[in-house]
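Engineer: Protein chains in written order, with the numbering used here: chain G, 1105 to 1295; chain H, 1105 to 1295.
Hints are computed from structural coordinates only; laboratory data are not their basis.
You may find that some hints are simply not true.
One copy or two, either will do: identical chains are not told apart, so a pair holds if it fits within one copy or between any two.
Said to hold, decoys possible - Lysine-lysine pairs mimicking BS3-like chemistry, simulated, CA-CA at most 30 Å apart:
1) K1216 <-> K1125
2) K1216 <-> K1109
3) K1186 <-> K1216
4) K1125 <-> K1284
2 protein chains.
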Amino acid sequence: MELLKNRIREEGRVKAGNILKVDSFLNHQMDISLFNEMGKEFSRLYAGEGVNKILTLEASGIGLAVITAQHFGNCPVIFAKKTKSKNLDGDLYLAQVTSFTRGNTFDIQVAKKYLDAGDRVLIIDDFLATGAALLGMVDIVAQSGAHLVGCGIVIEKGFQEGGSLLREQGVRVESLAIIKAFEGDQVIFAE
Amino acid sequence: MELLKNRIREEGRVKAGNILKVDSFLNHQMDISLFNEMGKEFSRLYAGEGVNKILTLEASGIGLAVITAQHFGNCPVIFAKKTKSKNLDGDLYLAQVTSFTRGNTFDIQVAKKYLDAGDRVLIIDDFLATGAALLGMVDIVAQSGAHLVGCGIVIEKGFQEGGSLLREQGVRVESLAIIKAFEGDQVIFAE
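For reference, chain G alone in the conformation it holds in the complex (with noise of 0.2 Å):
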């Protein structure tokens, strides 16, 4: 997607470890515009599946999913808890999850009455690196018995093994925008 990609370019700050800094859009600070595009572009690339829920993580994912809900006909978005919670009780799908970026390893959450048989699931996250999350809510997807339709990321680092591990498993997985590599402090796109 060359509006997203531009804007990576334009403000994405490249850091130590593989590190992509995106918070002046993306996930600390969010541009609602771009969201639309976004949410617009995964509604044209997975037209006609019946997605009738979408699954997404605490924190960074819930704005996207939220807005590419209104582009699949106002559907519930669930998202998945990172911590036990008193506003969280009763039966729970769990799976663990390890953080890239936090460095540590938590179970993720989705109360068992709003995920079953009967569901067709987008997945909505940021990123895509080592998977870690992903996996954890495909896992989550498979316990309840619904369909996945598949994921929509906004940026994949596809020199990270996440991607490969997910398509192998057969999950469909869409990112707007796939990097390459990074070079000294610039984004290089797969094609």
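Given chain G, put chain H in place with the hints provided.
Structural biologist: Relative to the frame of chain G, chain H by itself:
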């Protein structure tokens, strides 16, 4: 807002410790149509105030903040972060918050470059109870020199001190539903 109060009456569940569970539409599964009605109501309440930025706190404020921004000319939304992340560096505004639902204390963080004296800020959050999260965000807006237009809250627990603490500071607080009390499993709203 009657639409919201009816939804709380129908789906809200009162739990021990003055917890109101609204995870079917607000803070786990999210109802995007309802979010748009709430965003529209905030835009009516704060019409003419020149809001050019929305501030919220991860995670459960993000969805509503992003939808609400669409009713304020697609202004940028910033979500304050609760934990240190490799995605956040540089100069930060910090404020300390103690969470009622999680029972811990932490710093919330906003990168200085995204808020300054030229901004007119609306703070959006899902709940107002002790006011800790809101007071933290109000503090951050004050540090930045921006003008705080006010706060837009979904559910205020009117029997806790947060609303009074904020209003006594001269902060405008608009809550779409104010709860006077819980009586058994019933929610009693303020007039």
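Engineer: Evaluate each hint against the coordinates.
Structural biologist: Hints versus structure:
no.	hint	in the structure
1	K1216 <-> K1125	between (34 Å within a copy, 15 Å between copies)
2	K1216 <-> K1109	between (37 Å within a copy, 25 Å between copies)
3	K1186 <-> K1216	both (15 Å within a copy, 27 Å between copies)
4	K1125 <-> K1284	within (16 Å within a copy, 44 Å between copies)
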